[in-house]
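Number of protein chains: 2
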Amino acid sequence: MNIKGFTYSAVAAGIRKKERLDLGLIFSEKPAVAAGVFTKNRVKAAPVLLGMERIGQGRAQAILVNSGVANACTGKNGMQAARTCSGLAAAALGIDENLVQIASTGVIGEQLPVEKVAAALDELVGGLSPTGHEEVARAIMTTDTVPKTAERTCTIGGKEVKLLGMAKGAGMIMPDMATMLCFVMTDADIAADILQHHLLRGVMQSFNRITVDGDTSTNDTVLILANSTAGNPEIIAPDTVESTIFGAALAGLLKDLALQIVADGEGATKTVTIKVINAANEDEAEGAARTIANSSLVKTAFFGEDANWGRIIAALGRSGAVFDQDSVDIAFGDVLLVHGGLAQGAAAEAKATEVLRQKKFTVTVDLKTGQATGEIYTCDLSIDYIKINADYRS
Amino acid sequence: MNIKGFTYSAVAAGIRKKERLDLGLIFSEKPAVAAGVFTKNRVKAAPVLLGMERIGQGRAQAILVNSGVANACTGKNGMQAARTCSGLAAAALGIDENLVQIASTGVIGEQLPVEKVAAALDELVGGLSPTGHEEVARAIMTTDTVPKTAERTCTIGGKEVKLLGMAKGAGMIMPDMATMLCFVMTDADIAADILQHHLLRGVMQSFNRITVDGDTSTNDTVLILANSTAGNPEIIAPDTVESTIFGAALAGLLKDLALQIVADGEGATKTVTIKVINAANEDEAEGAARTIANSSLVKTAFFGEDANWGRIIAALGRSGAVFDQDSVDIAFGDVLLVHGGLAQGAAAEAKATEVLRQKKFTVTVDLKTGQATGEIYTCDLSIDYIKINADYRS
Numbered sequence: 005m006n007i008k009g010f011t012y013s014a015v016a017a018g019i020r021k022k023e024r025l026d027l028g029l030i031f032s033e034k035p036a037v038a039a040g041v042f043t044k045n046r047v048k049a050a051p052v053l054l055g056m057e058r059i060g061q062g063r064a065q066a067i068l069v070n071s072g073v074a075n076a077c078t079g080k081n082g083m084q085a086a087r088t089c090s091g092l093a094a095a096a097l098g099i100d101e102n103l104v105q106i107a108s109t110g111v112i113g114e115q116l117p118v119e120k121v122a123a124a125l126d127e128l129v130g131g132l133s134p135t136g137h138e139e140v141a142r143a144i145m146t147t148d149t150v151p152k153t154a155e156r157t158c159t160i161g162g163k164e165v166k167l168l169g170m171a172k173g174a175g176m177i178m179p180d181m182a183t184m185l186c187f188v189m190t191d192a193d194i195a196a197d198i199l200q201h202h203l204l205r206g207v208m209q210s211f212n213r214i215t216v217d218g219d220t221s222t223n224d225t226v227l228i229l230a231n232s233t234a235g236n237p238e239i240i241a242p243d244t245v246e247s248t249i250f251g252a253a254l255a256g257l258l259k260d261l262a263l264q265i266v267a268d269g270e271g272a273t274k275t276v277t278i279k280v281i282n283a284a285n286e287d288e289a290e291g292a293a294r295t296i297a298n299s300s301l302v303k304t305a306f307f308g309e310d311a312n313w314g315r316i317i318a319a320l321g322r323s324g325a326v327f328d329q330d331s332v333d334i335a336f337g338d339v340l341l342v343h344g345g346l347a348q349g350a351a352a353e354a355k356a357t358e359v360l361r362q363k364k365f366t367v368t369v370d371l372k373t374g375q376a377t378g379e380i381y382t383c384d385l386s387i388d389y390i391k392i393n394a395d396y397r398s
Numbered sequence: 005m006n007i008k009g010f011t012y013s014a015v016a017a018g019i020r021k022k023e024r025l026d027l028g029l030i031f032s033e034k035p036a037v038a039a040g041v042f043t044k045n046r047v048k049a050a051p052v053l054l055g056m057e058r059i060g061q062g063r064a065q066a067i068l069v070n071s072g073v074a075n076a077c078t079g080k081n082g083m084q085a086a087r088t089c090s091g092l093a094a095a096a097l098g099i100d101e102n103l104v105q106i107a108s109t110g111v112i113g114e115q116l117p118v119e120k121v122a123a124a125l126d127e128l129v130g131g132l133s134p135t136g137h138e139e140v141a142r143a144i145m146t147t148d149t150v151p152k153t154a155e156r157t158c159t160i161g162g163k164e165v166k167l168l169g170m171a172k173g174a175g176m177i178m179p180d181m182a183t184m185l186c187f188v189m190t191d192a193d194i195a196a197d198i199l200q201h202h203l204l205r206g207v208m209q210s211f212n213r214i215t216v217d218g219d220t221s222t223n224d225t226v227l228i229l230a231n232s233t234a235g236n237p238e239i240i241a242p243d244t245v246e247s248t249i250f251g252a253a254l255a256g257l258l259k260d261l262a263l264q265i266v267a268d269g270e271g272a273t274k275t276v277t278i279k280v281i282n283a284a285n286e287d288e289a290e291g292a293a294r295t296i297a298n299s300s301l302v303k304t305a306f307f308g309e310d311a312n313w314g315r316i317i318a319a320l321g322r323s324g325a326v327f328d329q330d331s332v333d334i335a336f337g338d339v340l341l342v343h344g345g346l347a348q349g350a351a352a353e354a355k356a357t358e359v360l361r362q363k364k365f366t367v368t369v370d371l372k373t374g375q376a377t378g379e380i381y382t383c384d385l386s387i388d389y390i391k392i393n394a395d396y397r398s
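These protein sequences, in sequence, are chains A and B. For any residue, its number in the working numbering is found by taking its place in the first sequence, counting from 1, and adding 4. For any residue, its number in the working numbering is found by taking its place in the second sequence, counting from 1, and adding 4.
Be careful, since some hints might not be right.
[As the list claims (entries may be wrong)] Computed list of lysine-lysine pairs in BS3-like fashion (alpha-carbon distance at most 25 Å, straight line):
1) K166/A - K279/A
2) K372/A - K8/B
3) K391/A - K259/A
4) K8/B - K34/B
5) K259/B - K44/B
6) K391/A - K372/A
7) K259/B - K163/B
8) K355/B - K259/B
9) K166/A - K34/A
10) K259/A - K364/A
11) K372/B - K80/A
12) K279/B - K163/B
13) K120/A - K8/A
14) K364/A - K364/B
15) K34/B - K21/B
16) K259/A - K44/A
17) K21/B - K259/B
18) K44/A - K279/B
19) K355/B - K391/A
20) K391/A - K363/A
21) K364/B - K391/A
22) K21/A - K120/A
23) K34/A - K163/A
24) K34/B - K163/B
25) K8/A - K166/A
26) K391/A - K363/B
27) K391/B - K391/A
28) K279/B - K259/B
29) K372/A - K259/B
30) K80/B - K166/B
31) K355/A - K44/B
32) K363/A - K279/A
33) K44/B - K44/A
34) K44/B - K279/A
35) K163/B - K363/A
[Claimed, not checked] Simulated restraints, written as ranges between beta carbons of each label pair:
36) S331/A - M208/B: 30 to 38 Å
37) E57/A - V245/B: 47 to 55 Å
38) Q84/B - A351/A: 38 to 46 Å
39) A351/A - R24/B: 25 to 33 Å
40) T157/A - T377/B: 54 to 62 Å
Because the hints were derived from the structure by calculation, they are not lab data. Glycine included, every Cβ here is placed at the ideal spot set by N, Cα and C.
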């Protein structure tokens, strides 16, 4: 999908390894309305600190992103490197430095080689093209096995509005070389605070609901640029029909990218939705789903295709959710394996095992305590996860 | 170590597999003072519910323990099975049924085969011997590769007081077949409430400070029986010199057993102490140490012998502990790898990698925020952990 007014470019700058795309640029011909969501980790990389500082103005015109080095835990030098790179990019593009957003993903604790970024900038800017987004999606990959992009269109005030997104991430959210990054470009005409509102809401329902290994990164960043070239009536309130249509399109795009990340989870062979229903409240529903989704024992049983509901109920029991152990139901797909806290026998287990053999399935846990529901998306924990992460930096 | 007045026996009752010790009995010739600590998991196995009910009386005379079946999530039938087994054991021993404690470890959701326990009881009681504790330690093993026992002696009021403990557990605390169980026998003369006080304090500093995979079990149980045959002046207050001596001996024994569990962690090749110093308070110190110790990425890096401090600082950043990312120090053994939030270079990393090659080492994280310290004991996450848990029930 091309969106009028946006161009993209990626080059191999040799930041950590040679001859792989590792530096990307997203450019909006005019300053765009911008919103961002950043890692909640107390340890924040230099580009995140700079991005948080700049996103407050609600505008941006370019995103410069590198893989290979996270520029995290790099102190004052790292902060200076981020500022220098953004300044160099601004100069090459002929725009205000404060309109440049920076993002990095890669090894923590190594300094960003500014001279390599500087040397590559001419080629990078020269290569800007309306069709280059796929290359940028490749440039931000680390342990990802596939580039991740998604697109949506919606109609607002009679005008077609486009959204184009890209993401990377394979450990969720792995602090070494698999930070989660996501960039979305849209031609919508929308006020900055409403854009921020919809972005945050979308992130809550997508990237904040996936888990590969429970870790979070120093560099996680989600940015959206809206350049208003669609010509729709400007969206200026959160709850109008137009705003809701835009929000739903954005949320759908973010969930699409989030599920691509889970499916590409390090070593993952299966994508699993953990759904907790009839909980006392939403916090308990989501907390219970998250505890189950993060349990190494549950995830390893998924890998082994073992309908080991004992591990699920044990994870549930430490989640803090209120329930009566003699009332709980557990289903794998549409197979009711546990009813009223009791196993439903060998035939049900055999059917549940069939469900587990699929690449994608849902585990539903009915707490019978209230009316709240929570969903978390996860993957299995495989031998390859260990291999990938044990051998990582070498 | 033999302790006067205690006898032990174990047999192969065929509860789940044939020809392996799976039923154990610990017997005190006279009713002993007793204390217990049980799982905090909301889902509790029938033997745990029965044990919690009975421990309130502060006395017990026998512990009947089986492996193979956890008798968890077994409903009313499971509760009835636990009561029936304790009644049968009481009859065979000629004691009050309420003085029998029951413990189980094994697969969740399967009913305990009462008839197999009943059929084995005569042989079990007939085999009681002062030297049989090693056999009981074997009978409670599941994925454990070695039986775990420890002993201590101390002198109280001029009398030698002995403590003998056994434990099982290899996943921490794995809800399938690797529940943590621990039984301690002592000849100390001690009041029930003081025994409970010291047991709880010891458990807090030992079993509650280890982690293999962050999971907790439906069946975790720690029991202590004190039969007063040592002839020491009865310990009746928590803070006397005698009480402190006893508490320290018990705490040391429990820590010894806890570290044996970590060292035998499923697939573990290394035992690692995570020590957080100079935190704002003890909760943050322990919480930070626990978050690091439970991180799959950190544990996999230990397995890969990769001095990947980026994963440690990222886990620290999501732990909730307060610190300044530009002040943190991290040491592997006595090698300072990160100082003031910055890597100390290739030479330090090479030395840190040497530390990681050891079977046992300490990672120290200095938050420089306050004076509190917290320690957690963990192991690495290996390919064998996945193999063990993926193939488990088959």
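Original post:
Straight-line Cα separation of K355/B and K259/B no greater than 25 Å?
Top reply: Violated - the C-alpha atoms of K259/B and K355/B are around 29 Å apart, more than 25 Å.
Original post:
Is the hinted pair K34/B and K21/B satisfied, with a Cα-Cα distance of at most 25 Å?
Top reply: It is violated: about 33 Å lies between the C-alpha atoms, which goes past 25 Å.
Original post:
Is the Cα-Cα distance between K259/B and K44/B 25 Å or less?
Top reply: 19 Å, holds
Subject >> Restraint check for K8/A with K166/A, where alpha carbons must lie at most 25 Å apart >> reply: The hint holds at about 9 Å.
Original post:
Taking 25 Å as the top limit, are the C-alpha atoms of K355/B and K391/A close enough?
Top reply: 23 Å, holds
Original post:
Going straight from one Cα to the other, do K391/A and K363/A come out at no more than 25 Å?
Top reply: 21 Å, holds
Original post:
Does K44/B pair with K44/A here, judged by a C-alpha cut-off of 25 Å?
Top reply: Violated: K44/B and K44/A sit about 29 Å apart, past 25 Å.
Subject >> Pair hint K21/A and K120/A, alpha-carbon separation not exceeding 25 Å >> reply: Status holds; Cα separation ~12 Å.
**OP:** Compare the distance between the alpha carbons of K259/A and K44/A with 25 Å, and conclude whether the hinted pair is satisfied.
**Re:** 19 Å, holds
**OP:** Starting from K259/B, check that the Cα of K163/B is at most 25 Å away, please.
**Re:** It holds: about 24 Å lies between the C-alpha atoms, which stays within 25 Å.
**OP:** Indicate whether the distance between the beta carbons of T157/A and T377/B respects the range 54 to 62 Å.
**Re:** 57 Å, holds
Original post:
Is the Cα-Cα distance between K44/B and K279/A 25 Å or less?
Top reply: The given pair, whose Cα atoms are some 24 Å apart, holds under the 25 Å limit.
Hint compliance for this structure: hints 1, 2, 3, 6, 8, 12, 13, 14, 15, 17, 29, 30, 31, 33, 35, 37 and 38 are not met, and every other hint is.
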